[in-house]
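Colleague: The primary structure of each chain is shown beneath.
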Amino acid sequence: MGPLVPDIIGNELNFIVALFCGVGFGFVLEQAGFSTSKKLVGLFYGYDFTVLRVFFTAGVTAMIGVVVLAHFGLLDMNLVFVNPTFLWSAIVGGIIMGIGFVIGGFCPGTGICAAAIGKIDGMFFMFGTFIGVLIFAEGYPLFEGVYKTANLGNIRLYETLGISQSLFAFLLILMAVGAFWFTSLIENKVNGVKNSDLKLKRIYVLLTGVAIIVGLSAFIMPDRKEAMLKELNNNNFVASYNTEYMTSDELAFRIMDNDANIQIIDLRSQKEFDSLSLPKSSRLTLTSLFEKDANKLLSVKNKINIFIANDELTAKKGYILSKELGYGNLFVLQGGFNQFKKDIIEFAKPDKAPTRDEIDTYRFRAKAATVIPQLIQENKLKNAGGEKKQAKRVIGGC
Amino acid sequence: MNSTKYMNPYLAGFFLGLVLLATIYFTGRGLGASGAVKSAVVASVQTVAPSHTNNAKFYKEYSEEHPGNPLNNWLVFEVVGVIIGAFLSGLISNRLNFTLEHSPKISSKTRIAGAIFGGLFFGLGAQFGRGCTSGAALSGMAVMSTGGIVTMFAIFGSAYGFAYFFRKLWL
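For the record, the sequence lines run as chains A and B. With this note's numbering applied, the first sequence has no gaps in its numbers, which climb one by one up to 398 at the end. With this note's numbering applied, the second sequence has no gaps in its numbers, which climb one by one up to 171 at the end.
Derived by calculation from the structure, the hints in this document are not laboratory data. Treat the hints with caution; some may be incorrect.
What the hints assert, rightly or not - Mimicking DSS-like on lysine-lysine, the simulated pairs with C-alpha atoms at most 25 angstroms apart in a straight line are:
| hint | chain 1 | residue 1 | chain 2 | residue 2 |
| --- | --- | --- | --- | --- |
| 1 | A | K38 | B | K105 |
| 2 | B | K60 | A | K148 |
| 3 | A | K380 | A | K271 |
| 4 | B | K105 | A | K189 |
| 5 | A | K392 | B | K60 |
| 6 | A | K380 | A | K296 |
| 7 | B | K109 | A | K38 |
| 8 | A | K341 | A | K303 |
| 9 | A | K323 | A | K225 |
| 10 | A | K148 | B | K57 |
| 11 | B | K168 | A | K38 |
| 12 | A | K392 | A | K296 |
| 13 | A | K342 | A | K367 |
| 14 | B | K5 | A | K189 |
| 15 | B | K168 | A | K189 |
| 16 | A | K38 | B | K5 |
To be verified - Here chain B is said to cover these stretches of chain A; the calculated rule only asks that three of the stretch's residues, wherever they fall, bring their Cβ under 8 angstroms from a Cβ of chain B:
| hint | region |
| --- | --- |
| 17 | 13-21 |
| 18 | 30-38 |
| 19 | 52-61 |
| 20 | 67-79 |
| 21 | 102-113 |
| 22 | 143-153 |
| 23 | 157-163 |
What the hints assert, rightly or not - Part of the chain A face toward chain B, derived, beta carbon under 8 angstroms:
| hint | residue |
| --- | --- |
| 24 | G26 |
| 25 | P84 |
| 26 | M97 |
| 27 | G98 |
| 28 | I99 |
| 29 | A116 |
| 30 | G118 |
None of these values were measured; they are calculated from a predicted model. Built from N, CA and C at the ideal position, the CB exists for glycine as well.
So that you can see chain B by itself, here it is in the shape it has in the complex (with noise of 0.2 angstroms):
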């Protein structure tokens, strides 16, 4: 069976901003995702190195904003939400499948190499902008924040920017 056509883009975006706005009316705070990688990170070292926990500043000043487990986050709860959201939709559009998207004209290793290195210049580029697309660009678009807005425009600027001398990876 084929999988079901995707929503209409402006339609899903209509509904992605009532989420965001009922988000932020229920709990004053928009929605994120880099946050809870975040604190999966400092559950991780905490775990793996306590001793080092303890000296290193960033996981000071990380424990001194948020007392208490890492885990124990509100975007850690939200983005166990949404892995079971995308998996809901997955499931009753039919496209749940283990596959390795990528370009014909690239190897699976290639795609593979790309996504990590992609995906480690995004989460070090989010703690820098303080969110990601999500926590800094979205949420903060929806309240007008001025840095939400200019980290934002960052990211495609850049992604345009850089966009030609990746091509082979993609076209």
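Just chain A, same shape as in the assembly (with noise of 0.2 angstroms):
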């Protein structure tokens, strides 16, 4: 599940990632014509919108893809770098930004590319870039409250705009198609071109088709997270659900036998967890069972992982969701927690006497009572110490 940085890719082999990413960044600008400042402000003054052709069509891409990679649970967006909103800062920030580009002709990208093929104009430019950034570092005391008002945090615009993703993404796309057409118009108007016939390649229609496909996959299908999380609602559906259940019993005895196959999947409360935690066991939520500390953990292979929470149920939904997400080795303890704990870690003789089956099982709880806890206590003393490993959001940004 991506991103692949940190886990597959190291923090040293990303620099290197960095440098492959950068050079087809720069060479499709320069391909596109991004390294000439009459092509970029011929935007501003209607003669020439490649610019604008060329970003809509990659930021829609890009979106497109980004939206299906995570519909599909192959990106992790809780993990992807959202760039923060600070509303007033980016205003003026875009105003003086724009301000540059009708000026200078170029932006810090392409005046970079600019610059690599020879043009003597970008490198002028990024030297005044470099004094821009020098500017803002050197009176940062005078713009850092405008800078830092206004934090709305890693929202993104269909949470502004209360609307869906799908339909924001939509509309994106529609409002890209009506650009590129209506630039074109005026375009062709500024130019003195009449009556162009605007010629349909196959392969564009082809490509074009190839995304909407794809795009539309992952727009109509209701999101999978929602839709699985909806089924859990559905009580017949769970209590149907094939399951494989461990008993407390069994459980006392892997944990007690050190067994380094299980990981204990538990599903209580973050408070609850403090408090009481069995060895092996990592906490996570049922929403959480979707992110890539879950796939981390779910995925190694040859372990069994008993999912446990205060009641049974929940402990199955958890076991459900895992199932339909494609892990396998799974089991939920029987009873849930509440039953481990009066089975085993607050183990009571009953007064009755007891059959013969029964008196090992007892004998085994009577042990269990005084092992488990004494287990758990170290274990809570093992993990204080340590730091909680959870993935964190990268950080990202100019």
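Grab the two chains, each in its own frame, and use the hints to assemble them into the complex.
Modeller: Spelled out as structure tokens, the structure:
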């Protein structure tokens, strides 16, 4: 599951990846003609809308890709950098950059490309950006107020507008296509081209078709996560789901046996987990099962994953989600953690005389009742020093 | 030999989108440009006036967020890649040339002054916008960041608004 940094791609290798991403970026920008200021400012005077076409096509392509990857569980959006929104700073910065664009004829990315192929104006432009950043750095106490005000966090525009992600993406695509059409009209008018026939090359039609089909498949199908969580509210579905159980006794035995193959997935609240948690357990929630941390945990080979929660039903829901997400070797703690507590941790021999079978069980439980609390205590001390491992959002941005 | 024609803009956009998507999938972050300039500024000031970087707030906050050498930064490597990529593209399309491109109606000096001041505004604005056209607008659009898209509209809106006043530089 993406992003591949930092697990599959380490931090050192990430720099090499950066280099390659940059090569691709620079190559395409130059091929598109972004290394000439004449083409870039054409956008603002109506004679050349190349920038708008490239820019919007790229934005829409990447956006659809991100939505599709996230939809099919290939990209954990909680770990992807979403530029934070500081509203006033974003607007003020954009206005200043716009002025820079019409005066300088480049933006930093295109300026670098221009400089790379020997454009002297590009080099001077980059020198200018250096001075601009320096001014900001030196005048920072003055700018800090605007820079840090109105922090809305890593919010995404469809959340701001209160519409669904699919609707927003659809609107943005419509807007882009509308802009393509409209700007072609302006361009022809400004350049005095009459009756230009819009030739639709087969390859573009094909590409667009594929993009639309892939995009729609993600947009029309209900979000997998939502759909699966909704399904869990259906009691019949949950009750009739084919489930493998593990008894309190077996779990207790495996814990005491220090079985290296077990992983306990604890679905109780953080508070309950902090006050009492079994050795080899990790806390997850039903929603966090969709994320990368859970992916790492549950895809370890040859591990037996036991879901526990206060009640058996919640544990079973975790079991079902994980099964549906394609993970294997799953069990549900029978009777839930409450049963485990009653059977093992707080075990008390019943008054009535046990049957022959029960004698063994009770003997085991009596032993477990002394050993398991000790193991829990040891585990707590061991974990107290360690930091909590949790995947963090990549810090990116300019 | 004449330079080759530029790529079809939609095709170029499609490829650019794929590069951006791959970047997000691999690294969890988007593309950028101005951030590397920021690293270069911090590194330069550290070399020229080390005591100043220990006192001034901007540099202190920067080193808190980015410990270690400021040039040992993802965006610096990425921008080195951009230079290589653009150079290769210029090479195969026959566009490598030391030229100063400007409208015939203005002098070279005017163009240079325009480029420097334009860059200055862009560099300054990119700090407020927390990214430039690449880092904030394009990458922001890909992940639908509110701030990124607001910045995008502000950049293009402002450029259209001010275009009239600077038309003599271009037309």
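Colleague: May I ask which of the numbered hints given earlier this structure violates, with the numbers listed in increasing order?
Modeller: none
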